[in-house]
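Top line first, the protein sequences correspond to chains A and B. Counted from 1, the first sequence has number 232 at position 232 by the working numbering; the numbering is strictly sequential. Counted from 1, the second sequence has number 115 at position 115 by the working numbering; the numbering is strictly sequential.
Worth double-checking, as some hints may not be accurate.
[To be verified] In silico contact screen, one side only, chain A against chain B (beta carbon under 8 Å); selected entries: (1) S201; (2) E316; (3) N324; (4) E328.
Derived by calculation from the structure, the hints in this document are not laboratory data. Even glycine gets a Cβ: it sits at the ideal position worked out from N, Cα and C.
Here are the chains, one letter per residue:
Protein chains: 2
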Amino acid sequence: MDEDEEQVIADTLEAFKRYGEIMELKINIRRNVFRSLKKEDQMQLVEFEEHLNKIEEAVKINCKLANDIEKIGRSQFLSGKKYKESRSLKMGYMDKVLTTIKQFWRDWSKDGMAERDKSYKPIIDEIELKFMDIPINDRKKINILVPGAGLGRLPFDIALKGFSVQGNEFSYFMLISSFFLFNYLESSNKYFLFPFIHTFSNHRTNEDLLYKCTIPDINPRSVIFSGSNFSTSIGEFTEVYSQRSMESFFDVIATCFFIDTAPNIISYIKTIWHSLKPGGFWINLGPLLWHYEKDACEKESSEDNIPACSIELTLETLIQLIKNSGFEIDKRETINTTYVGNPCSMLKYIYESEFWVAKKKDI
Amino acid sequence: MDEDEEQVIADTLEAFKRYGEIMELKINIRRNVFRSLKKEDQMQLVEFEEHLNKIEEAVKINCKLANDIEKIGRSQFLSGKKYKESRSLKMGYMDKVLTTIKQFWRDWSKDGMAERDKSYKPIIDEIELKFMDIPINDRKKINILVPGAGLGRLPFDIALKGFSVQGNEFSYFMLISSFFLFNYLESSNKYFLFPFIHTFSNHRTNEDLLYKCTIPDINPRSVIFSGSNFSTSIGEFTEVYSQRSMESFFDVIATCFFIDTAPNIISYIKTIWHSLKPGGFWINLGPLLWHYEKDACEKESSEDNIPACSIELTLETLIQLIKNSGFEIDKRETINTTYVGNPCSMLKYIYESEFWVAKKKDI
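The following block holds chain A by itself, in its conformation from the complex (with noise of 0.2 Å):
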């Protein structure tokens, strides 16, 4: 590990430790602002504070999966390195704190299942399609990689089903989040969690605000993988697949929200031609939200190691380059998805994502 990937990591870590404080402050800010109204407004809204305190109860149980992952994370990525020295909190780091908490709900939580069946279940089934004639026993020669694993419940659940998984992830927010969900976590439902208290607004009742949830539906400890058929790689997709030892290894590669993080998506592409093996299948499901489109216009970027490229396509213009460049289409789909999405806002996204299972072509 070089020193620009541990300050990365204690930069990580750093966020996580300053979770609690953060949304304190958020909370404290309210607090002032209502004390400081006309006392005939105050009693408007006699509940206000009430609210407000239920709130910062609400962080500090989220505090408690915050801090055990900043524990584990130093002791596991930071061992014996001495970062102990306060650090200023990274612009957008916090951010990613948050989404790290709604995605313990999507990929952890029995209620997440219902934005897995959608994003998860489509990949999972044409994986089986594909390979229904092989018994669960004989599926370890199978191997699949799942770039941007993010949480790992998609490559863990295509495991489950006895193939070979890799997973693939590059934040260390997801890195940290997931070493400690695979490596640590001694129970099902551990924890409880509130995904939805990071944002006050277009919530429908208090309630729904302060929904909770229990994390992990399933604690990835307790299944016995027929063998060691599941594991994560650290670093760049495109880093590490375009490497000559990859070439032609897996049989599948399913990609889940994960192709518009290209800087370059024909990088992205070569990457995957690469390191599937003729024949093999390409199994993607996602929208096109080009992640690095609004760094590459702004000189000021809000985050270290943007890449100064951006090439945004169109879907149909995607498609003609994933036709020119060695597969061949055999499916397409569109199918309505949410990430993270509280179910119960006022504000719903909806990505109308696009499904394709695209074969190399057998040169």
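Go by the hints and put chain B onto chain A.
Chain B in isolation, oriented as in the chain A frame:
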């Protein structure tokens, strides 16, 4: 007009003026990225540069509107003032130009009618229902206020039904644009407009990105109102309408995607109560996307004049507050709406808007 206000106007006009330049920059960054690709990769995307050229042409066409607004705005609002020196572009202001262009599509294009039918029609229908016994020629005595009038289509459509309507607006992006629209537009379908070229994400086809409409679908100046029953007031809602002269002035106040612009919703409600006649109606439609939620937590705000206050209520608490404030709620309904949303985008923002009719109690 004080000097601060003049500065805001000059900054607003500067943003309209520089629209073409900033978009050109965004396109040129893509062109340079593309040309820096390996020749073999460029060959995979033979139509990409042509696509960028078409976006560039579309920007030039959008520029005609932006430039005309700037020209008229300067002569009307800064006449004789010396603001010709080069100004820096205010942070966040270009985004407001892009939103204004989309608002023209929403409010003044034929295709925007689908959105207007969801948001404006329920309000207009309710007003007509309340005053169905009054013939159109006698409706001038009915005073209706539309706070947050934007580009003025809702107040305009209400005025077409014979009522006396005042729109109120605070943003000079909206004020200058609607001044231009209501006073200088010569004919309907005068301008072509490409409302969806400002993001390159989530487009299915190049054609979708380059969707073109004409504006306005109706020339407001061609409609002769029976007398002068349509006006616009400039200023912050509570400042203008909590004045004594406004007491019990309006028969109806119609708020559409407006109430969540409040830093302090209590003073919005008090102002509505103050300026409504006893027995008058407050008709509302919109979500609760509290505009100042984010700013209230950030010490360094990206914009000027951000209040240090934000009170974000859930819908149930807000409804209780309205009842406590001297209103009787007659009717409630949830209506799914969009707001300047590209109908062809792979990402849809669905606002589950709350519609209500609240009657000021006759005390």
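Now for the hints, and whether the structure bears them out:
At a threshold of 8 Å, the smallest CB-CB gap from S201(A) to chain B is about 5 Å, leaving the interface hint in force. This hint holds: E316(A) has a C-beta 5 Å from the nearest C-beta of chain B, less than the 8 Å allowed. With a least beta-carbon distance of about 5 Å to chain B, the hint placing N324(A) at the interface is held under the 8 Å criterion. For the restraint placing E328(A) at the interface with chain B, the shortest Cβ-Cβ distance is roughly 16 Å, beyond the 8 Å limit, so the hint is violated.
When each numbered hint is compared with the structure, a violation occurs for hint 4 only.
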